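Use these hints to put chain B with the ligands onto chain A, whose structure you have.
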Amino acid sequence: MPADRVMPTAEAADLIALTRQLAHRELAPQVVRHEADEIFPRDTFRLLGRAGLLSLPYPGEYGGGDQPYEVYLQVLEEIATVWASVGVGVSVHVLSCFGPAEFGTPEQRERWLPGLLGGEQLGAYCLSEPHAGSDPAAMRTRAVLRNDEYVLDGVKAWTTHGGQADFYKVMARTGTGISCFLVPANTPGLESDPPERKMGLTASHTTSIRLTDVRVPVENRVGAEGEGLKIALKGLDSGRLGIAAVATGLAQAALDAAVAYAQERETFGRAIIDHQGLSFLLADMAAAVEVSRAAYLSAARRRDLGLPFTRQASIAKLVATDNAMRVTTDAVQVLGGVGYTRDFPLERYLREAKVMQIFEGTNQIQRMVIGRSLAKDTKGIIRTAEGS
Amino acid sequence: MNIVVCVKYVPDAQADRTFSPDDNTTDRENVDGLLSELDEYPVEEALKLADATDGKVIVLTVGPEDATDAARKALQMGAHEAVHVQDDAIHGSDALATSKVLAAAIAKLEYDLILTGMASTDGSMGVVPAMLAERLGLPQITLASELTIEGGKAVIRRDNDASTEIIEASLPAVVSVTDQINEPRYPSFKGIMAAKKKPLQTWSLEDLGLTADEVGSAAAWTTVTSVAERPARTAGQVVTDEGDGGAKLVEFLAGAKLV
Ligand SMILES: Cc1cc2nc3c(=O)[nH]c(=O)nc-3n(C[C@H](O)[C@H](O)[C@H](O)COP(=O)(O)OP(=O)(O)OC[C@H]3O[C@@H](n4cnc5c(N)ncnc54)[C@H](O)[C@@H]3O)c2cc1C
Ligand SMILES: Cc1cc2nc3c(=O)[nH]c(=O)nc-3n(C[C@H](O)[C@H](O)[C@H](O)COP(=O)(O)OP(=O)(O)OC[C@H]3O[C@@H](n4cnc5c(N)ncnc54)[C@H](O)[C@@H]3O)c2cc1C
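Quick mapping for you: the protein sequence lines, in order, are chains A and B.
Numbering-wise (my numbering), the first sequence opens with residue 1 and increments by one.
Numbering-wise (my numbering), the second sequence opens with residue 1001 and increments by one.
Okay, chain A solo, but in the shape it has when bound (with noise of 0.2 Å):
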């Protein structure tokens, strides 16, 4: 039972339209063979590139869609409702086309941007290290720059679409600072792991990056020397909103297998879902979903008008993938010994749900991110959707 939504145009509800059409009839099939083998399923990202849907949030002079968060973030969920791997790596694509797109000179947008949004390339960023996640400023990984080329050195932990990805975006430390570089994948020094062994998402390869001696020409770093982590950042709140339609799409896909599954079933002479116990527990889970949704749009509406989300964005990273977490546990409940079963979808979504708390900034970073944004409040300051 897909969610209901209500589009801000018509294109916008035709691309919903397409979205599910895309995803029932390409990606459903797919799911169970890809992520209990652990394939990566490349060709299904060239088809979403195709239809557009891989850029959407970009510049339409460069091959975007010029479409809100508002509208994205809603695809990204429904995607997400029929395959949270591919849901994740949409997120990540195009996170890592957020550095040249808003941080490009005009000159780096016109040569790297028809490319990285064109559909048939697929990116990745590389700011994790083994031993710096949640404190990325630790990083240890060099740039250093002799003639017209920085060299790169060190190991990047973590890469989803590591041996995959066209282009990987790369944090490094160059002098006092970190700095932002785009590195093709077929540039020599540049090798990938073998994908880690998962507990979930295991059609999304996620994998460490070794580079040694990497050369690329200076005009390949992105933004200022010492910029890095502040695009780094400044990514991740956008980052952020793409997990949270991701977890709200896994969850709404766990709420609808469940409502399914307690609709048919009966015990004691009635379906479960007639039980008024398990129907206080469906409704719990619903009442989460739609918080969830509420809490990305919000967020998302705030970016679209140009307004400070960063609060707005881990609120609803932390939310979305915390009541991820309990609507897929909770939806395990619901279907007894089949939901604990691999006959079944629901144990993998549980699975799904645990690495939502800890990607782009853990729960507890999300919470550390807000905590210290109450600091500094705008106190209540009214505004309105044209700007004022």
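Since the hints were derived computationally from the structure, they do not count as laboratory data.
Values in this document were obtained by computation on a predicted structure and should not be read as measured data.
Every residue, glycine too, gets a C-beta built ideally from N, C-alpha and C.
Do not rely on the hints blindly, as some may be mistaken.
[Said to hold, decoys possible] Not everything, but these chain A residues come out facing chain B in the computed CB check (under 7 Å):
#1 Leu15
#2 Leu18
#3 Gly306
#4 Pro308
#5 Glu386
[Said to hold, decoys possible] Derived CB-CB ranges, DEER-like:
#6 A:Lys198 - B:Glu1251: 54 to 62 Å
#7 A:Pro130 - B:Thr1018: 39 to 47 Å
#8 B:Arg1017 - A:Pro59: 19 to 27 Å
[Said to hold, decoys possible] Residues of chain A clear of chain B, computed beta-carbon distances all greater than 12 Å:
#9 Ala12
#10 Gln21
#11 Leu47
#12 Arg50
#13 Glu107
#14 Ala185
#15 Leu190
#16 Thr267
#17 Leu335
#18 Thr341
This is chain B with the ligands only, laid out in the frame that chain A set:
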């Protein structure tokens, strides 16, 4: 080359489909509709032909207000123009009247080729293409699983159980195509945006020179007098083999007069 593609707006087969209780017509009000899946194939075929010949694809649909969605979907896939014939009097039309309206609309268009699906996914009679050709006085070649245009002729392949037929007809012609002929494309978001600027005309019966008494249930040669849902399947019978399984099977089949 100008190609007219007839596309039908049908209730979504994923949803619960029902009939209107008052006149036994398909209920198109209370269920989301879409472009009949089988009509995506003629649209795709037309787009490929038009690409190769620098041609134009005009989609034509006859149906209620929401049928615009079917026309718009074809425009999003890449068709150049659309015509939607909409008139309350058309409600309840039989296949004959539907073909009359389609033919009258096509007569107002410039065309070299008319493409249709093999059958709609709701009424699914598969007769409209033949009726259309008859009304327009054109040759018809049906159930094409391959189509080529060469030297003013349409050549199709039709696959039967035991044979493969190659059939040709002079243009203009009416050609119906099967779901084997191609792999329909999905619209892209760019296509969705582009479709907003493409011409989509709405014509009434009057625009076609037809009158209300020529169509609709009153003019229909056939009436659906009743519809009933097929009863749900009952559980099967399990035969436990205690050495006499074969005999029990024969007994069952004989009882059902199957052997
Ligand atoms: C499947 C997957 C995909 C990923 N994809 C990417 C990617 O594409 N690119 C990328 O750069 N990274 C990626 N990551 C890395 C991810 O962002 C990090 O795992 C995450 O930021 C946590 O870092 P860590 O694992 O080093 O945990 P740590 O930082 O070691 O944290 C351990 C625990 O301590 C807690 N903690 C840490 N600091 C504090 C504090 N100050 N206060 C309270 N609690 C604290 C954390 O919340 C956590 O519970 C991915 C991770 C996974 C699992
Ligand atoms: C239960 C039921 C029973 C029916 N029984 C009869 C009956 O016995 N006799 C009778 O005459 N009518 C009958 N009808 C009505 C008939 O289905 C409609 O008149 C319908 O508009 C035409 O037939 P079809 O959908 O079967 O088209 P088909 O002949 O199956 O369609 C073939 C192709 O023609 C084109 N086409 C068809 N309709 C349209 C349209 N509206 N706009 C554009 N292109 C179109 C499409 O390209 C389609 O792929 C019945 C309808 C129902 C719901």
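Evaluated hints:
Evaluation of the Leu15 (chain A) hint against chain B yields a held restraint, the C-beta minimum of about 6 Å falling below 7 Å. The interface hint given for Leu18 (chain A) holds, since its Cβ lies 6 Å from the closest Cβ of chain B, which is under the 7 Å cut-off. Below 7 Å, beta-carbon pairs count as interface contacts, and Gly306 (chain A) has none with chain B, the closest being about 23 Å; its hint is therefore violated. The beta carbon of Pro308 (chain A) is not positioned within 7 Å of any beta carbon in chain B (closest approach about 29 Å), and the interface hint is therefore violated.
Because the beta carbon of Glu386 (chain A) sits about 25 Å from the nearest beta carbon in chain B, more than 7 Å, this interface hint is broken. For the pair Lys198 (chain A) and Glu1251 (chain B), the beta carbons lie near 56 Å from each other, so the given range of 54 to 62 Å is met. Checked against the hint of 39 to 47 Å, the C-beta distance between Pro130 (chain A) and Thr1018 (chain B) comes to roughly 60 Å, which is inconsistent with it. Checking the proposed 19 to 27 Å range against Arg1017 (chain B) and Pro59 (chain A) shows it is violated: the Cβ atoms sit about 42 Å from each other.
The beta carbon of Ala12 (chain A) is not kept farther than 12 Å from every beta carbon of chain B, the shortest such distance being approximately 9 Å. Distance to chain B contradicts Gln21 (chain A) as a non-interface residue, since its nearest Cβ pair spans about 7 Å, not more than 12 Å. Distance check for Leu47 (chain A) against chain B: the nearest CB is about 8 Å away, which does not clear 12 Å, and the non-interface claim fails. Listed as a non-interface residue, Arg50 (chain A) fails to keep its Cβ farther than 12 Å from every Cβ of chain B; the least gap is roughly 6 Å.
Listed as outside the interface, Glu107 (chain A) is consistent with that label: its C-beta sits roughly 25 Å from the nearest C-beta of chain B, beyond the 12 Å cut-off. Against the 12 Å criterion, Ala185 (chain A) stays outside the reach of chain B, whose nearest CB is about 25 Å from its own CB. The beta carbon of Leu190 (chain A) sits about 32 Å from the closest Cβ of chain B, which is more than 12 Å, so the claim that it is off the interface holds. At the 12 Å boundary, the C-beta of Thr267 (chain A) stays outside the reach of chain B, the nearest C-beta of that chain being 20 Å off.
Every beta carbon of chain B lies more than 12 Å from that of Leu335 (chain A), the smallest distance being close to 23 Å; the non-interface claim holds. Every beta carbon of chain B lies more than 12 Å from that of Thr341 (chain A), the smallest distance being close to 24 Å; the non-interface claim holds.
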